[in-house]
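In my numbering, the protein residues as written are 20 to 229.
Treat each hint with caution, since some may be false.
Across the chosen pairs, the derived CB separations fall in these ranges [said to hold, decoys possible]:
id, residue 1, residue 2, range
1, F229, S163, 37 to 47 Å
2, G79, V186, 19 to 29 Å
3, S176, G79, 35 to 45 Å
4, L86, N131, 12 to 22 Å
5, T195, T175, 11 to 21 Å
6, S163, W80, 12 to 22 Å
7, A153, Q77, 34 to 44 Å
8, E112, T175, 50 to 60 Å
9, S128, Q77, 45 to 55 Å
10, P84, L116, 11 to 21 Å
11, G129, Q77, 45 to 55 Å
12, S163, F198, 29 to 39 Å
13, S176, Y108, 21 to 31 Å
These aren't lab readings, by the way, just hints derived from the structure by calculation.
Beta carbons: idealized from backbone N, C-alpha and C, even for Gly.
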Amino acid sequence: MSHVRFGLGISKQKCGDSITLKERLTMKSKLIMLTLTMSLLLVCVSFGARAEIGQEQQPGWFVGPTLVGGYEFNELAAFGGGGGLNFGYHFNEYVSLGLQTGGYYTSDSGVNLLFVNAMPFLRYNVYQTLYLYAGANYTWLHSSGGFAAGGLNFATSANKHGFGGEVGLGYDFYVTDTFSIAPQLGFNYTYIASSHLMTPTLGVNFNFHF
């Protein structure tokens, strides 16, 4: 048995050099992500079916909380989740610019990881309020954990900075003229602490329009 240590400060065991972390991703985890993905797509379709005919995005500001969950499969092989604030401006029925900020928490191998992100994004409506989005994010990471040695307990922590990007799709379902719920399916890539983090995400935005 040998140990593989990443820049994130996490130590994982590895049986032989031929086994990679990707190969250790279990079928159960894959099935969970597939189920969650299909569930979100069904929600998007059902929201689209209930939308009013001819519904269009109106120019103006939007702001609201956002929730997100995901599974990092390349380095950590761990689930995580968090929330934040989403705000921006609709320029017309197609184009919007915004900024999403928030925190994302995950834990693996006894190490707690808190990611704080800021992501400017561009959003484009491809049909009514069904949209694609893309953004570039700055990430600050705080890692913390502990270990025991000689009967004593020790705590460790570290801060890191990184960059990345995210792409995805969503549907802005208008509950009223001034409030909408937008489920999203995305893929986030972040390079931080010499690690390449790749995370499919499921999220929902609660937007107030004015």
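For a quick check of understanding: which of the numbered hints are violated here, in increasing order? 5, 6, 7 and 13
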